[in-house]
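Colleague: Line by line, the protein sequences give chains A and B.
Under the numbering used here, think of the first position of the first sequence as 1, with each following residue one higher.
Under the numbering used here, think of the first position of the second sequence as 232, with each following residue one higher.
You may find that some hints are simply not true.
Here are the simulated lysine to aspartate or glutamate pairs, EDC-like style, with alpha carbons at most 20 angstroms apart [said to hold, decoys possible]:
#1 462/B <-> 152/A
#2 141/A <-> 476/B
#3 427/B <-> 301/B
Far from chain A, by Cβ distances over 12 angstroms, these chain B residues were calculated [as the list claims (entries may be wrong)]:
#4 247
#5 310
#6 370
#7 405
#8 440
#9 477
#10 480
#11 481
Bear in mind the hints are in silico, worked out from the structure with no lab data behind them.
A virtual CB, placed ideally from N, CA and C, is assigned to each residue, including glycine.
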Amino acid sequence: MRSRFQLGLDELKERLLEMGGMAEAAVELAADSYRKRDGRLAQQVFEREKMINQSERTIDEMAVDLLAMQQPMATDLRFVLAVLKINSDLERVGDLAVNIAQRSLDLAQEPEVEIPVDIARMTTAVSTMVRRALESFLSAKAEVAQAVLEMDNIVDRMKDEAFINLVAQMKNNPDNVRPYLDVLLITRSLERIADHATNIAEDVIFWVSGADVRHNARFSQEPDSDAPRRQ
Amino acid sequence: MGVGIEVKDLNAWFGKAQVLKGINIKVAANAVTAVIGPSGCGKSTFIRCLNRMHETNPDAHLSGSVQVGDIDVYNPGTDAVDVRRRIGMVFQKPNPFPTMSIYDNVAAGLRLNGYKKRHDLDVAVESSLRMAALWDEVKDVMKKKSGSSLSGGQQQRLCIARALAVQPELLLMDEPASALDPISTGKIEELIFQLKAQYTVVIVTHNMQQAARVADNTGFFLMGKLIEYDKTEKIFTTPSDKRTEDYITGRFG
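Build out the structure end to end from the sequences listed, making use of the hints.
Modeller: Quick look at the structure:
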């Protein structure tokens, strides 16, 4: 029989994965609303975001209750801390999906122009990062999380490339600055979503191994020199 | 000032039952070291080996060496009574001398050690009660009221004052707050934190949050062995040994 504490941890994990699914779906819907120039899909993103916000509050409350009532230690403590941080990241992913949906609504009002950026490819890369980050959380596998960190550079390069191409288009076609600016903001939001996926992966690594790999910090297996040691 | 401890190849038995197996550990001076582990893991026996209390059990014996500062605790030339004077101990249940006044409880050890002058005793008693954070609560009644008239938390602080009065180099505490309410526990913990400026403290506790709150370093014992010994924050956030992890997360023990 699982203890009440273990049940609480399991429920927290399920709720966070549920929220992750909502955030992932919001990103896909936002990208579809851009691709199809479909305002109804953008509206669905706004609805999802409300659900994501509600989830964020619920998960925060559950995690705080577990901290206060059960005083988790070691891997359990790292798990609850990781959940709290991932919770914030997923909420921000929801906000960024809304930003994309809003820009898509604006774009749908404008005449269609040729966009020199492969948004579909960038969306696929970003969605994959979010999905893998959530998979690493589900399976508690640091190596899956590590693969997410390595994908972040690819998305950063896509955004830089998009920036150069869009600025060039703005110079060449000053009458169409508005749609190019909207697309630039969409690439910016996608790149930020990738950053949040990276944060999630880092938090999973912290939970699973205790290593802090944020800001390119390397985890050392070497013992701390002034830590006491068994003789 | 507190002193460091070095334990080498310590084995201890009750009759034929071996309760400590090959313990090697260095304990830092002027730090609080917590000893944790499930019941029967040997943690209390371990600290009782540090001041030769273990041998007070009729069928108990041990092997190995314990160095506390400049005291070679198990050297045949070392006097056990002198060891126990230099290494104070506080137990789970407060045990003041019941018929003695609060003042006499603290002064008892000093008198045994040759303090006779009234003024010297007054100064030492006040200083010990202040260090044990009890002075303000008892200064007006300490010569009239008995030690046993105090609350449980006050009695435990009185026992700490009594232990400190003889100026030990090391203070051992065997679950000093397990019989106390949270307010008294908080006072004892605050006191332990302050004592490390002058003493080395080794505390046995079942309460892991307490170990996390008060200790600089923590050792985890299991079935007579020291499984892991590290900085407290490391033990409670990222222990190296799976057995430590399982114990502190409540998966066994």
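Colleague: The output says residue 481/B does not contact chain A. Does that hold with a beta carbon cutoff of 12 angstroms?
Modeller: violated, 7 angstroms
Colleague: Does residue 476/B sit within 20 angstroms of residue 141/A, going by the straight-line distance between their CA atoms?
Modeller: Distance ~18 angstroms between residue 141/A and residue 476/B Cα, so the pair holds.
Colleague: Compute the least Cβ-Cβ separation between residue 310/B and chain A, then decide whether it is above 12 angstroms.
Modeller: Answer for residue 310/B: holds, closest chain A Cβ roughly 27 angstroms.
Colleague: Would you assess whether residue 247/B, listed as outside the interface, keeps its beta-carbon beyond 12 angstroms of every beta-carbon in chain A?
Modeller: holds, 27 angstroms
Colleague: Test the statement that residue 477/B is away from the interface with chain A: the closest C-beta pair must be farther apart than 12 angstroms.
Modeller: Not fine: 9 angstroms to the nearest Cβ puts residue 477/B too close to chain A.
Colleague: Decide, holds or violated, for the assertion that all CB atoms of chain A are farther than 12 angstroms from the CB of residue 370/B.
Modeller: Answer for residue 370/B: holds, closest chain A Cβ roughly 37 angstroms.
Colleague: Is the hinted pair residue 427/B and residue 301/B satisfied, with a Cα-Cα distance of at most 20 angstroms?
Modeller: Answer holds: residue 427/B to residue 301/B is near 19 angstroms, not above 20 angstroms.
Colleague: Looking at residue 440/B again, its CB stays over 12 angstroms from all of chain A?
Modeller: Given that some Cβ of chain A is not farther than 12 angstroms from that of residue 440/B, nearest at about 6 angstroms, it is violated.
Colleague: Does residue 152/A sit within 20 angstroms of residue 462/B, going by the straight-line distance between their CA atoms?
Modeller: violated, 35 angstroms
Colleague: Measuring Cβ to Cβ, find out whether residue 405/B lies farther than 12 angstroms from everything in chain A.
Modeller: It holds; residue 405/B is separated from chain A by about 21 angstroms at its closest Cβ, greater than 12 angstroms.
Colleague: Residue 480/B: least C-beta distance to chain A exceeds 12 angstroms?
Modeller: violated, 5 angstroms
Hint check: violations occur at hints 1, 8, 9, 10 and 11; the rest are consistent with the structure.
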